[in-house]
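A.B. asks: Sequence:
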Amino acid sequence: MKVKYIDKRHWRRLIEREYIEVKVNNKRFKGIIGLVTMNKVREPLEVTVVGKHMVVADDHYQWLQILPEKKRYSITAMFDDKGQPLEYYFDINIKNITQKGNARTLDLFLDVLVLPTGKYELVDEDDLMNALVNEQITKRQYHEAYMIAHQLMIEINDNFDELERRIMHCYRKMNQKKHKAKRHHHQAPQPQQRHKRKKRFTED
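So the sequence shown is numbered by our numbering: it starts at 45 and just counts up by one.
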């Protein structure tokens with residue numbers, strides 16, 4: 045079973061990273077939202093999404109990770125060093141584990157990739173089939189993966205603008221939190237050194 049931590053702790057491509065996360069519990073969303081800032085990478089990651097070639101990981105790029113609590117998918121929104129969205133990556137999962145500080149997914153191989161234009165594609169079907177053949181997943185999980193993916197593609201097709209608006213809202217909020225934390229760190233009061241007062245002696 046492939047376990048993916050949303051803070052990218054095991055990703056060898058990352059040399060230096062920053063990560064912040066929040067646990068959300070309200071009427072609109074329940075789960076974990078994390079932001080990975082790639083300060084330095086070993087080499088850029090180049091991919092092709094819906095026929096478009098692009099770099100999705102490089103120095104100062106950011107990945108927003110959205111992990112809903114009781115859903116069977118997670119979202120990675122990828123941004124360049126200027127904060128422009130590049131790709132929305134939907135992982136189909138067996139389970140989302142929304143444990144703060146240890147948030148992770150149990151991956152079900154199948155993925156839906158979406159461009160900021162709203163164009164999308166279903167990928168990694170071979171990986172899903174291989175997992176079934178090698179008995180890494182059950183027939184039920186195999187069919188569930190396709191069912192979840194098709195539900196997502198219908199949602200993307202019908203409500204992409206609203207979906208993107210929510211993702212961008214999360215992205216702005218997480219960056220505000222990141223900058224606020226940095227300011228707080230820089231403005232933290234330094235411990236004051238106590239100077240011993242010299243006793244003054246007077247002659248009577």
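Calculated directly from the structure, the hints in this document are not laboratory data.
For every residue, glycine included, the Cβ atom is placed at its ideal position computed from N, Cα and C.
Heads up, a few of these hints could be off.
DSS-like, lysine-lysine: derived pairs with alpha carbons at most 27 Å apart [to be verified]:
no. : residue 1 : residue 2
1   : K183      : K126
2   : K52       : K115
3   : K67       : K183
4   : K46       : K221
5   : K221      : K96
Listed next, with one range per pair, are the computed distances between beta-carbon atoms [what the hints assert, rightly or not]:
no. : residue 1 : residue 2 : range
6   : N69       : D170      : 33 to 43 Å
7   : K221      : N174      : 15 to 25 Å
8   : H187      : H104      : 24 to 34 Å
9   : Q220      : D170      : 39 to 49 Å
A.B. asks: Please list, smallest to largest, the hint numbers that this structure does not respect.
C.D. replies: 1, 3, 4, 5, 7 and 8
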